[in-house]
Each structure stands twice: as C-alpha cells, then as structure tokens.
Amino acid sequence: MCLGIPGQIIEITDEARLMALADVSGVRREVNIAPVLTGEIHDLIGAWVLIHVGFAMALIDEDEAAATLEALKGLGEAQETLEAMAEGAKALEARA
Amino acid sequence: MCLGIPGQIIEITDEARLMALADVSGVRREVNIAPVLTGEIHDLIGAWVLIHVGFAMALIDEDEAAATLEALKGLGEAQETLEAMAEGAKALEARA
Amino acid sequence: MALRGDKVTLAHGGGGRAMRDLIEEVFTSVFEPESMEDQARLMSGALTEPGARLALTTDSFVVDPVEFPGGDIGKIAICGTVNDLAVGGATPLWLSAAFIIEEGTEIALLKRIVATMKVEAEKAGVKIVTGDTKVVGRGSADKVFVTTTGVGVIPPGRDLRAEAVQPGDVAIVNGVLGDHGAAILAARGDMALSTDIQSDCAGLGHLMAAVAAACPGLRCARDATRGGLASALNEIAESADVAVEIEETALPLRTEVKGMCEILGLDPLYLANEGTLVLFVPEEEAEAALAAMRSVPEGQGAVVIGRAKPKGQGPLVTMRTLFGGARIVDMLVGEQLPRIC
Amino acid sequence: MALRGDKVTLAHGGGGRAMRDLIEEVFTSVFEPESMEDQARLMSGALTEPGARLALTTDSFVVDPVEFPGGDIGKIAICGTVNDLAVGGATPLWLSAAFIIEEGTEIALLKRIVATMKVEAEKAGVKIVTGDTKVVGRGSADKVFVTTTGVGVIPPGRDLRAEAVQPGDVAIVNGVLGDHGAAILAARGDMALSTDIQSDCAGLGHLMAAVAAACPGLRCARDATRGGLASALNEIAESADVAVEIEETALPLRTEVKGMCEILGLDPLYLANEGTLVLFVPEEEAEAALAAMRSVPEGQGAVVIGRAKPKGQGPLVTMRTLFGGARIVDMLVGEQLPRIC
Amino acid sequence: MKYAEEFRDPKAAKALLAKIAEITDEIGATAEKPVYIMEICGGHTHAIFRYGLDKLTPGGVEFIHGPGCPVCVLPMARVDECVEIAERPEVIFTTFGDAMRVPGQKKSLLQAKADGADIRMVYSPLDALELARRNPDREVVFFGLGFETTTPSTALSIQQAAREDLTNFSVFCNHITVPPPIKALLDDPHMMLDGFVGPGHVSMVIGTHPYDFIAEDYGKPIVVAGFEPLDLLQSVLMVLEQIRDGRAEVENQYARVVPEHGNPVSLAAIEDVYEMRPSFEWRGLGEIDKSGLRIRDKYSAFDAEEKFGIGYAAGERSVEEPEGCACGQVMTGRLKPTGCPQFGKGCTPEMPLGALMVSSEGACAAYYQYGGARSSEVASEPAE
Amino acid sequence: MKYAEEFRDPKAAKALLAKIAEITDEIGATAEKPVYIMEICGGHTHAIFRYGLDKLTPGGVEFIHGPGCPVCVLPMARVDECVEIAERPEVIFTTFGDAMRVPGQKKSLLQAKADGADIRMVYSPLDALELARRNPDREVVFFGLGFETTTPSTALSIQQAAREDLTNFSVFCNHITVPPPIKALLDDPHMMLDGFVGPGHVSMVIGTHPYDFIAEDYGKPIVVAGFEPLDLLQSVLMVLEQIRDGRAEVENQYARVVPEHGNPVSLAAIEDVYEMRPSFEWRGLGEIDKSGLRIRDKYSAFDAEEKFGIGYAAGERSVEEPEGCACGQVMTGRLKPTGCPQFGKGCTPEMPLGALMVSSEGACAAYYQYGGARSSEVASEPAE
Ligand code: SF4
Ligand code: SF4
Ligand SMILES: [Mg+2]
Ligand SMILES: [Mg+2]
Ligand SMILES: [Mg+2]
Ligand SMILES: [Mg+2]
Ligand SMILES: [Mg+2]
Ligand SMILES: [Mg+2]
Ligand SMILES: [Mg+2]
Ligand SMILES: [Mg+2]
Ligand SMILES: [Mg+2]
Ligand SMILES: [Mg+2]
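Residue numbers (numbering that gives the first Met the number 0), protein chains in the order written: chain R, 0 to 95; chain A, 0 to 95; chain S, 0 to 340; chain B, 0 to 340; chain F, 0 to 383; chain Y, 0 to 383.
Hints in this document: simulated from the structure, not taken from any laboratory.
Backbone N, C-alpha and C define an ideal beta-carbon position, used for all residues, glycine too.
Below, a sample of chain Y positions facing chain S; criterion: calculated Cβ distance under 10 Å:
no.: 1; residue: R100
no.: 2; residue: K106
no.: 3; residue: Q110
no.: 4; residue: D114
no.: 5; residue: A116
no.: 6; residue: P348
No farther apart than 20 Å at their CA atoms in a straight line, the calculated lysine to aspartate or glutamate pairs in the EDC-like style are these:
no.: 7; chain 1: F; residue 1: K306; chain 2: F; residue 2: D136
no.: 8; chain 1: Y; residue 1: K10; chain 2: R; residue 2: E69
no.: 9; chain 1: F; residue 1: K105; chain 2: B; residue 2: D5
no.: 10; chain 1: B; residue 1: K6; chain 2: F; residue 2: E86
no.: 11; chain 1: F; residue 1: K182; chain 2: F; residue 2: D193
no.: 12; chain 1: Y; residue 1: K1; chain 2: R; residue 2: D22
no.: 13; chain 1: F; residue 1: K344; chain 2: B; residue 2: E24
no.: 14; chain 1: A; residue 1: K72; chain 2: F; residue 2: E5
no.: 15; chain 1: B; residue 1: K6; chain 2: F; residue 2: E349
no.: 16; chain 1: F; residue 1: K344; chain 2: F; residue 2: E320
no.: 17; chain 1: F; residue 1: K18; chain 2: A; residue 2: E76
no.: 18; chain 1: S; residue 1: K310; chain 2: S; residue 2: E246
no.: 19; chain 1: F; residue 1: K10; chain 2: S; residue 2: E246
no.: 20; chain 1: S; residue 1: K257; chain 2: A; residue 2: D22
no.: 21; chain 1: R; residue 1: K72; chain 2: Y; residue 2: E227
no.: 22; chain 1: R; residue 1: K72; chain 2: Y; residue 2: E4
no.: 23; chain 1: S; residue 1: K310; chain 2: S; residue 2: E237
no.: 24; chain 1: F; residue 1: K306; chain 2: F; residue 2: E89
One chain only, chain R, in its complex shape:
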C-alpha cells in the first residue's frame, strides 16, 4: 500500500494552488506541496520530498537518511572484514 517515492522540487508552478514541479529520475510531474509547506514557498526549490498520489507528503530528512546509511554502511564493512577473515582462514587451512 501507499506507493511513495522520493523526488526533488525543481520549480513552483502555481503559488495560489500550491503546485510545484517535482523531478523523479528525470520524470517530472506537478505535485501539490501543501503538506510540506512550512515557510517561504520558493525555499522548497531543491528540497527532496516523498511523493504519493501527486502530493509531496513529507520532507526527506537528509541527516536522518545519512545516519541510517552510515549505520548500514558500517554493517556492510564489518561484513566484508568478516568475510575477508573467513577467506584468510580458509586459505590458511587450504595451505595447511
């Protein structure tokens, strides 16, 4: 349920109706930005939002995203180290 995808606001198209152009990987669509409008409307240009059925439903929090990614990256590196060690162990075993 509730297909939502990240997109970037690239242009305000209708200030009165709170409409803006969002870009998703080179695909553009007009979206309503009412839910994410907290300050000056033009400040939203460049912002990343989560889009659902033509509405920008949430601003994406870059710091939170970075933190999550950092944690996942850490896990990935730890995994690599583990695997390298396992490889090394195997290699040693094989040599033995």
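Once you have looked at the hints, place chains A, S, B, F and Y with the ligands on chain R.
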C-alpha cells in the same frame, strides 16, 4: 427536385400518428399518410400513393394513369405501323 | 483457460495471459495455424515453377453493421481478399488476418465472425496462416475491424492486366449488381428501410479459375466493390486507354435494389458489391467465358453488359440508355449520398 | 487533383474520385508502387532457391498518440513488421499497408506518417508494394490505424525456432528495456508526467542479418513488444520446454524509465519495446553474437541478461534479484495498470 | 415498379420523339434558332440527362435548366448558418443528404461533420423527430429545405412535435416557393423562353392554378409534368403543340398524381405552420419578394432561428458569391454551364465552386456527369 | 535514484541477513517453531516478494502478510456501488488503477468500462479535479480509496474544490484507518504474532504514536519501516532485537521520512474534511468499529454517497464473500495463501475469486506471481 416514387400501402402501423407501411418494389418503409387520409384509415390498405421524404403526398389516380398510358400506347402502335410500312416500302424498293 | 466475462476488455489487449487466452479461445483454436509463432513459414510447389509470380494484396474491412443479411465482416474479409487475388489471376493460397477490437465487444460476436471466416476460407481453399489482435478503448473503433492480406501464386504465363483490354473486347458480369450496398444501407437502419435483400458476398476464386481455364485470351477482371461497377469500369478504361460502353437494358438488377435506389435517389452503378466482378474477354471467347462462369454457383447470373471501344476525346465510360440515349458513367465523386431532390 | 480541405471526410472513403485523389496525393505518390493495381506481383531470386521458404506476418498498429517522442505510428508499422520477419530468420522483402482513417483526421498528419514509412522502409530495405485505405466516421476509429503485412524469404537451412533453445543457451538483448512503453505512457498525458524518454522504435533487420551471419547456432529471437521482455521470455521458455533465468543486475534500464516505473508502480519487464529483441545463442557463440550486434547501430547496447536452464516443476522464467533472491517473472495477467498501492 | 416502368417504354418514346421532330419542323425551329423550353424542376433536369433526352430531341428544341433545385439556390450564408448551428455541442443536426456537400464560406456540412459536428443524414423529417424522442438530452435540429413538395412534411412534423410536447426538436426553415422566381425570370428583359415544363410534385401539393399567371399574364405555355421519361417527352410535345397552335395554357400531363387544386391536408398544414417572409435571398438570383417561408410565432418553440438566434432574422446574412461563378446566369438561362469560365476548371464536382455543381440536380453537375462536359463524343441515336 | 538506490546495497543486505540469522539462532527460532512477524502494509509485502527477502531470511523468521492493502480489504458491495455510480451516464468515474480489476458481484470496474461506463484511471485526485474543471457538464467522481497515507490527498482535493466552488466534483469515500484492524487482530484468540513491521508511509502522516497500544497494551514490538529492501531487513532485525531483549517498543527505522508526530497539514485536512464512521466493513475481517471515514456534513456537496444516494449510508450493503474463499483467514495470518483450497485453481490472477489475488499487493497474488505458487524450484542463495 422533389424525388417522389409510387408505393403501395400494405399495413397501418400507428393509427394515432397516422403511420403506415408502404412497399416500393419489395422495400418497405413507414410513412405518414396524413395527406392522403380522407376516409377510414384502413381503407388505404392496398392504395397506391406517391411518396416523398416519408410522407404519402398523393393518391395515384388509376384511371388517369390508365388514360395516359392508353394514349402513349396508341402512339407507340401508330409508330410501329408507320415503321412496318416504311420497312415494307423499303423491301419493295429493294426488290425493284 | 476459460475467458472471464463475455466482453472484451482492455486487458485482452495487454500482451499478457488474458490476451493469449482470448487468442487461443477465439482465434487459433478455430484457425489452427501451424504453430503459435507470429510468423508463418510457407512453401508451395506452385511458387517454384519457373515464371510463377507471387501475388500480394491487402484490405481493411470496416463494415457497419458487422453482421448483416447475407454475411458478416468475417465473410467479407475472406471473400474480399480472395477475390482481389483471384481477379488478378492468382491462385489464392494463404491469408493473414489482423483484428482491431473495440473494448466491450461481445466475445460471442468474435466467435461468430471467426467461424464464418473458417467456413469461407475452406470454401475458397485458402489457409489463414498468421494473425494479430489489438484491443482499443470504447469509441476508438466500431466493434471490430479485420484486415486480411492475401498471398497467391500467379501461374507462369498468366498475365491479367487492365492494360490488356482492346477495343472490341466484351465486358461480362457474373450476376446482379448492388445487392451488397443495398443490403448494408438497409441493415444500417438510418433510413428505416426494410427489405429482404442479401449481400452478394461470395468468394470468386473458383469462378476465376474456371474462366481462366476456358479463356486463354482473358484480358482482366475486377471485383466491383467500393464505388461499384462504375468505378471498376472507369479504372479499367483508364488503364487500358479505351472507352467502354455498357447497355442499360443488359444490367442485371434485382427489383428490390431498383426500388431502394428510387427511394433514396441512388444509382445502382455505384453501389458496392462483394461477390460481383466484371471481366473483359476477346469477343470470340465471350461464349466460352459465359459458359465457364455459369458452371459455378457464383456465375449463374453471368451476362454480357457491354464492350470496349476505341478511346476518343469523350468520356471513358458511357451507358446506352433504354432509349438509345447515352449518358456518361463517370467515377463517383465522393461517396453516394441518399438524396430527396 | 489537389485535395479540397485539410481533413479527411467520409467522401474520401467512398470509392470514388475523392478517394482516388486521397490515395494518389497521400499514399501512392510517396510509396510509388509498381502500378495502381490492387495486387502486387512479386518475384525474387531468393524465393526460388531450393529450400527457401516464404515468411508471412501481420500486425495492426493502434498506438495512441499516433505521434510520440521517437516516432509515429508509421514508423512502428514498418519496424514492427520488419522485426517480426527478421526475428523469424527471414529477409524482409515486401510490405503491404492498410490504413483505417477516422473522419476528420488531418491530411497533413497522414502525409507525415507516410513520409516516415517511406524512410523506415528504405532503411530496412523493404518495399511497400500494395495497400488499402478505409475511412470511418468520427468516433469509429482513433485517427488512424495501420496494418502492415510483411513477406520475406527464409534462406535455405535457416530455422530459428523457440523450440530450439537448449539449457545453457545465453539470452542477449540488444539494448535498454521499456523505452517505448514509458514514452507512450508519458505522451498519452493521462498521468501528467513529462520526460525526455523516446521510443526505442527501430528496424532490426540488419541486426538480425549480422547475428545470423556471425552465429550459425543462433536458436531464436523475439522482439519484446506488447507484454515486454517478460512475455517474450515466457513464450520462448514455454515453446522450448526450458526454464530461463535472468539477472536483475544485468538488465539495461534507463534511469528515467526506472523513475517512471517507480512513480506508477510498474514493472519495466512488462513495458512494451519497439526496437528491442531478445535472442538465444549457444554459450560458445555468445561473444560472436554480442560483437555482431554491436556492429550495427541498433545493437550498441547489447548485453547478456540470462540463460536457459533445464525445466523443473517451478516457474518458467525467474529473475535473480540484486541480493541473489529469486522472483518469478510470470506472464502479465491483463494489461499493466498504474497503481498507487 | 408499377406507375413508373410503364412510363419508360422505348417504343412509345420513339413515337413521341417522332411527333416532337415533326412539330419542331412544322414551327420552323432549328438548332440555330431553337425553341427554348425551361424545365423548372431539378428533378426534370436530372431525368433529361439520366435518359439522354436532350440528345434524342431534335436540335430545334433546347432545354433551359431552371432554378428548381433547392440545393442550387441555397445561398452560401445559409450553409454557414447550418454549420454554426450544427457545431453547437448540444445539437444533433439532421439533413437530407443533398445538402451535405454544398460549399459554405468556410466549409460544407460534410466538412463540419469531419471536424466533429454531430450531423446525421435522414430520409425524412420524421426520422429527425424520432431522434429527438430518443435523445431527450440533445437538441435535434432539422434542416428544412425544399419547395412546396417538401414543405408539408416539415409542417406536419412540427405539428406532431407540438402534439407530443417535444421541447428538443426544431426546424431551421429555408423552404422556398416556385412561382416567385419564375415571375422574376419572366420579368427579366433578357428572357427568351418559349414555354415551360412545370414541376409535377410541387403541383401535387399546390395544384396547377398557381401557374395561371404564366399563361394569362405572360402568354407562355406550361405543362405540368411527371418525372418518367415518357412523361417528360409527352409534356415537351404538349408545349410544342401549344406553340404551334398559338395557345398559352396551363396543361396537366401528370393527372395521375396532380389534382387541379392540390392536396388540402398539405396546404392546411403549410398555412397553419408557416407564413411568407417579406423577401428571401436566392443564390444567383438575389432577393426575391415573398419567395420564402418562416415558422409562425405560434410555433416559435420549434423554430431554430428563434432558438439559436440565428438565420434570416439575425441581421447580416448575405455573402458574396465566389469570384468567377456564373451560377446566376446559368440559372436564368442566359448561359449554358459549359459557357461558364470556371466549368470543369475551377469548378468540378470534386471541388465545386458554385452550387450548381454540387447537387446531381444542378445543371452544371448534370452537364459534367451525364453529358455536357466531355460529351462531344457521346454518340446518341434512337434505339431500335 | 537518490534516497532509494542507496538502500538497495547487496553488501549491507548480506550483513543484515547475517545479523538476522545470528539473532534468530540466539532466540532459538526455527523453521518448525518460527518467529511470526507481520508486515502490516501491502507495500512491504510487495517489496518482500519483489526482492525475494522471504527466501533470504532464515527459516526461523516467518512473514505474515497483514491487512494493509486497501484493495484487498475492499468489500464486494463497495465495488458494486462504484459500478453503479460509474454507469450513470453523466458520470466520469475516476480511480487509481489498482481498483480496476477488483471483482464486484457482477463485474469489475474494468468490465463496467468495457460495457460503456466512462471510467478513467488517474494518478492523483488532482487529476480528477482537473477533469471536473474541464468537463463542467459532467459529474466527476473520484473513488477515494486507501489508508491514512492517501486520505490527506482527497481531503486537500475536496478543500480545493470547495475553494473553487466546483459543483461537479465529488469523492466516493472509502478511506480506512490502519490501527483498528491491528487491534482486532491482536484481540483474536488465535493470534500468534510476535512482532510487527509498521507501515512507514501511514506514519509519515500520523506519526508513530498511534501504534503505542501495540507495545504498551499488547506487549508486542513494532518497528515503523521504509520500503527499500535494506529498510525492511533492518526493521526485521530491530524487531528481532526487541524480542531477544524482551522489549516491546515502537521504534522508527524510517526516520528520514517519518516524523514522530506525523504531518500537521495533512492531519488538519483530514480532521477538517472527514469524520469517523461508527463502524465499517472490511473484506475478510467483517465490521470493525471506528475503522472508516466519511465526509463531514459541511462538505456534503462533495460527497458522492450523498449526491447519488448510494453507499454506506444507503442501507443494505453487505454481500457474501464468494464461496470457498479463504481471504479472511489468509489476511489474519491463520492460513498461508497456498493453504487456501482455491489458490491457483478456482482463484488465479486471471480470474480472481478473492481480492487478495487481484492487487499485486495482495498476499495471494504476490505468492502466485513472485514465489509461493510454483516456487518449489526457485533456488535462492545469497548473492556473492
Ligand atoms: S461551372 Fe460552377 S461556377 Fe460556373 S456556373 Fe456552374 S456551378 Fe457556377
Ligand atoms: S487464493 Fe483467492 S480465494 Fe483463496 S485466499 Fe487467496 S484470494 Fe482468497
Ligand atoms: Mg486489396
Ligand atoms: Mg478489395
Ligand atoms: Mg478489388
Ligand atoms: Mg501481432
Ligand atoms: Mg461503437
Ligand atoms: Mg505479427
Ligand atoms: Mg509484432
Ligand atoms: Mg513479434
Ligand atoms: Mg482495397
Ligand atoms: Mg477520436
């Protein structure tokens, strides 16, 4: 102008709206018979009428038609006699 | 897989399983093509004979209504393309059939159309070897359109061409004129006319084979479809650089067709036919042609209707009227419109 | 005779002079068929070679809109049929083209379409040798439908068949997936999306010729049109009685196409292509096939996407995901509908 | 077909033609100095060409094709108004097929249909009425076109609509009457007509007396004629006989269909529904007094002019004829179609410039299609 | 694609899977005695199958697919009502594509469209609004379907329509809310769930606190999750960690999108436009108290139920589920799709019997399409 064709009334289809089925050489169409309705509506069955844009505009007068034809036929026969005589004359000439 | 529902939906055109089910249940189960492949692979001994040529012709069929007295769109789609091959002197061998189907069309209607196609193809001795279906939204087509493309082989030495017609050649039709056009006009219902006229829709391959066998000098033949006999004659006269004169009294016309033409102010020379052709033969082969035509059911009504004459400054096709007067039989301008004045 | 007015009226379909004028001005003056006759007569040396077979395929084209980024209905009508011939191993030679035109269609649009067809036919080395036009009333068609039927010759000894695919064979596509489907979706405007995606519409005859020359073991090829790559693979797997496994990471996809799929909840494996094919070759010929494909413009993006495996109890086509997980790549059910959940 | 085919007998035709030739000789008419006979009605023009009668009659008899084709005399401005009404989204515009191809300033109804207007050909105003019943949410407009033959059908249809309280049916009334243009022709100082073949189906409605002025005031013979070839030939013969005898009478060749006083039901319906306009514009003939009908106020609910504020009452409506068009001269008999500089060049049935080239009743179209145009080689001899 | 592709990194996935396996072992869960984790949201179900996550996670972790697909829980009676509205001639019925194939008693919307109803798929209620602006003579109805994620879009659209005084736009409101069915599931005595993956996009609107009752009242862990595969795996890991630690908390894995208290603008719009119905019917789950929304009286001009006298308020609306359909049991986790006697036989994506087979979010369709159905042979091993 004013394409009109003879057809025969074969059935009364809507007494209230004065509609009847007319037959033109095996093609049938509902027509309005108001213009030719002088007496009992069902008496029109079998009548020959002149049809224009879906209306029976005139009753065809059989006697008048017969009279015209008679005259034309007379002409035709006279013509044949004339021609036969001409042929005969020619034949005679040729023989001569 | 049985089809869900009794009407075609857009899902049946989506390229997925619903489409495949439609194709299997409605089309290929009847036509039984050699395989499910999109491409037919064909070989016939006739093709490799030295001097033989391949004939290719195509027509889209869009008749409204799709079912009418005397046939349906499937029958026309087979006969029309078989006839286009046959009048060119080819032996019809293979047909492709492409269907454009309007969303909401009843599957039962499609099945009836396909059944007719099978029957007519068998009668004509042709095989439907490949096909296609597309589904379009409501209002983007009118129930179903069928495009058939026919492939045949022209035997070595046979060369029917309108250009071959010579002054003196005799023009023959195989039967009554205008039945198809009149039947469709009545079936459409716009003019609220009812008649028993049936479309003349018929395959003429066997008739053409009989004539070709009997008349080595056969010049050309043309089926008198859209635009009627008048258009067919004008096209031939133009190609051959001759004039053509037909006799009004010789034209075979059904009483009902005359009646409909009188009512609507139409000229039967321009009414469409789907099983009527006109052919030209040298005068000395006219009797042989008539006999050959009358030897098949579709040629029972064969009659001479006129002849080719040297071309002058005047009109290409003329008709001697009842009284010996002459009128031009020109190409139709647009389509023939019913008129009241 | 110059055409009166700038739109097609019913008069242009009536079989008379208006129709002939339309056909001459718009169609035959561009296609220059050998003659005005309805039937093309064809001969090619290739046909008479012992063992050669005739290939016949047909498709109706109904794309909405008829002009879209990267092409128009005329381009698809040529490329689609050329491709159907080519993927079957045939050398495309001749095409017929039948047009169903909606009343009110701009004649200028028809001329643009016909011009594209001429260009594409020349590129593909095929001749448009016969045709047909029909005009239907407003709302009985959507501007114009084109049905092309292609005739080609399969050289002696060539026998591309899905059934020939063996476990171990390699599946190769010639370029990115889903561009056509995505471009049409955007062009249609219903979803109010704008992108620079262009249809991949292209003729693949030269590519197929190159591969066939380079890979004597070439098993089969299929253009991934309606139903996309997923449908093409399922059909091949079913015919060949093998399983097929593709690699998610190997699939060539344009960023914008991915974006559109994310927005609309679509799967690019089911998006239509008009210039993308998948072919199977024995593993030892994979490099030769890739090199041959990359030698023509339409094959620049050629990559291996998977391989055939012995068939088991399970699904016919599977995809190894990014993570090494597996998912079934089934036939599409109906058409792919944009979804929000 | 009864009452039709009997009147196509070639033998009788031959006899009639012989008689006609005889009298033509008798009165000294020659190809150089012919008797000019106008067939008023387009239906007669059609029949003359259809059966090649012009070629069969002697050179001393010359047919002049009259203004009796309602499509041919329809001014361009009225076609424009039809298009304007038809292009309203709520309207289903219904018309006889005849009017579909007549050029307006910008487009014909056929072209308007191609552009998206909902235009339907019908055989009868009754069919338009039925469309109105079946489409209560649409406005069905019928294009009322034609002479007295056709006028009763729309009058009766309007009466029927009133009885049924149909609120979505109206008629765009362009009905015209035959006698006024004939009077206008007779008043023309260049007029050189010797006699008339009268429109039989018009007389079926109005009888023969409306033509009395032709004989009485202008001293010209007129014979009301049927539409089969023998009807026409017999009528021509009757006109020639009057000329020979120095008579000028209204005779009725078509007595099987035409009653002396016309059809009372039809006349009453016309009287009830319509009234005469002060004047009306004819293509090629200009404004003619009391020559066109409008719907009476009591039926204004069924009057498309009122409903859509369009038409004759709505001001500026005259449009200049296309340049180079000689329709007016042809229609008044001053020029043969082949004499028009546009004939067969700028004006053909495919691309008609003038209305006479549109309808198959139009003199120019008839010449082009059936004979005149490229007919120098059409041999014509009486049949054996 | 930023904020999406980073969360699909196979290396990190491998690490997460290793951790998951480790903890699964640690808590002694096995294929025979697994930990049952319900992903509430259909979007999560979709992602699990799309990436094959169910095959990659250890046997000791068993996903139970929750009722979070709005199409799947849509009762047949409501589809019938959609068809009834859509078949009115004045109506343009607009809907997300998802709802097109859901079977009603007699037909789906796709079939109704084939039968002639004017039904259009849109991407957004904004597109329906635009259709209403462009078709002032038609009634444009939008089928408002979905959970809290989608509810604000229709609320904001109705507010916009009110601002513009659009009189031809209305919403057929079938919006439902996530927490009540979860509570219903937790109250079920047969319930055997050990933890939840929470619907991230619902929480983007309503925040995380509406799930507090799951942890506080029922002692079950819940992690609000994003929709990329790493999001899902990390969330599963977090649930397992809570289980291992004996914690029951509401955690937020999807903090980049989900604010603790949701989106105030959206919440205000929902509050302004909608009110809770006393109860609402869910397919397979029956009536659930306070689980569906209706349009407030002040916006009744935009309420299709009011406009067409149709829908929940209009009386009889419950329709029996088709015979043999086990959707209810599947949706409550009591049965695997493959355990339904109809699965793959009487019920396939081509001819769905139950709603779970329709939407690609439905558990049965996902099993059929992506794995469960004929997947005995689909080998799955972690990627190198
Ligand atoms: S040829 Fe054309 S322009 Fe000339 S008079 Fe005839 S209709 Fe008018
Ligand atoms: S297989 Fe069909 S009937 Fe059975 S539970 Fe799934 S959706 Fe319902
Ligand atoms: Mg053809
Ligand atoms: Mg043909
Ligand atoms: Mg033909
Ligand atoms: Mg195809
Ligand atoms: Mg239709
Ligand atoms: Mg094909
Ligand atoms: Mg194809
Ligand atoms: Mg193909
Ligand atoms: Mg053709
Ligand atoms: Mg259209």
